[in-house]
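**Q** If you want the building blocks of each chain, they are given just below.
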Amino acid sequence: MIQYDDGHIQALMDAKDKADLKVSTLGQFHLVLDDNPVPDNWGRDKAIQLFQFFLISRNRLALHKEQIIDRLWDESGSDQVFKVALHGINKTIEPNKKSRGQTRFIQRQGATYKLDMSKIWLDSQALESYIEIGNHVKGMNNELAIIAFQLAINLYKGPFLPNRIYEDWTTTERERIQIFTLGAYISLAELLLEEQPNESIRLTEEALNIDPTWEEAYRIQMAAHIANGNRPQAIRTYKRCVDVLDKEFGIAPLPKTVGLFESFIG
Amino acid sequence: MSKESQTASFLLRFTQKIFEDEHGESNVQWRGKISHVQGNDQKNFSELKEAMDFIQSKLSEMTLASISNDKSDEEKEGILNKSLDMWKKLSSNYPKLVVDAIKDPKGQVTQLQEQISSKAEQITNRLDLESLRPTSKSDFNSLSEQISDLTAVLKKLQKKVDKIDKKIGKS
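Chains A and B supply the protein sequences, listed in that same order. When the letters of the first sequence are read in order and numbered with numbering that gives the first Met the number 0, they come out as residues 0 to 265. When the letters of the second sequence are read in order and numbered with numbering that gives the first Met the number 0, they come out as residues 0 to 170.
Keep in mind that the hints were calculated from the coordinates and are not lab data. Misleading hints may appear alongside valid ones.
[Claimed, not checked] Straight-line Cα separation of at most 20 Å, SDA-like style, residue types lysine to any residue; simulated pairs: (1) B:K16 x A:T256; (2) B:K48 x A:I145; (3) B:K42 x A:F248; (4) A:K156 x A:T170; (5) B:K154 x A:R70; (6) B:K16 x A:E189.
Using the sequences provided together with the hints, build the complete structure.
**A** Right, here's the structure in full:
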């Protein structure tokens, strides 16, 4: 098991500085190539789709062209569509590439393709790495955990590829990142509960903006209001929790939540 | 995409809550959320039937939106009824499929594979079931990827079934 320390955080921060291509996918889609914002030279949307699909598939083995066409475009795809889309990517992120020259970012072997992630910084990947560090050190090195979770949350500017919410090939990644992020908000709110209750309240509110049924967020928020000496606000948070769970699931809060409520009204 | 061929994708999220009740007995509660991808619509649920009803309503909406206005009311009703019948057949099996998948992912994949094998001889890329031992993270990821691939194959199969249905309807 990896023993995480400050060096891992630093390495992640350095990786962003060293990357040739920086890609933002959270809240918006934006590229920075060699420290310059990438102009919109994609040509057509299918080129952007292909590049985004490469990003989503970054942890898989290289993908066969047919497989990509099938997953991404189904009946509207073809070899020609793929070729045009790939050309659009190259024109955008490798504007100085000579025809038939070596590509910087896309590795090709026969008819299989993959991004070379050693040259690319991806915000969602960095967010996941920071959360991984936070989760591993939480309870052992809370100072480091707080830094890691804060760095992760700073990267979360909104859902993954928000302009693709209607396309099913992006859904799994969006859901995965959202669950990680909710966990980070809750963990950080919990770690800051005693020393910074107001920040805890803000963080739980952010989590509830993402998912209003996240019961743990209500519980931490109640505790933070109590730490602030604000019992009426804690009662309001509990009532909100009861209302939301009843409306959305037709269920009551967990005994742990009810127990916390009873502990401060009794 | 033509109106004859449309796709509806759904994402199911389950959150498990384990807690002790007032008698000190352990309990498990499942909270679910289903999202319709193409409509960006979602619903929370505590019973699977609610999720099935949500899917049915979205599929009915899709069928209705696909029926062109030049069709008679009788024809429209016939198409909608066929769509509902297909869903009824599917939904009577799906709660069990989902529960089985949670209990035994490998067994569930086997069951799905048998269903596909019996219905589509064209499918040649079969799952290597012996490699599906979800005992580690990498195995689990591999299993997820194969299930994802399997879902894509199922979608294709569904389209073929739809086409055959149409041909039968015409003849």
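**Q** Next step is simple, just say for each hint if it's right about the structure.
**A** Going down the list of hints, with the structure as the test:
1. B:K16 x A:T256: holds, 12 Å
2. B:K48 x A:I145: With Cα atoms ~41 Å apart, K48 of chain B and I145 of chain A exceed 20 Å; violated.
3. B:K42 x A:F248: holds, 9 Å
4. A:K156 x A:T170: holds, 17 Å
5. B:K154 x A:R70: holds, 11 Å
6. B:K16 x A:E189: Judged against 20 Å, a Cα distance of about 18 Å means the pair holds.
The structure fails hint 2 only (numbered hints given earlier).
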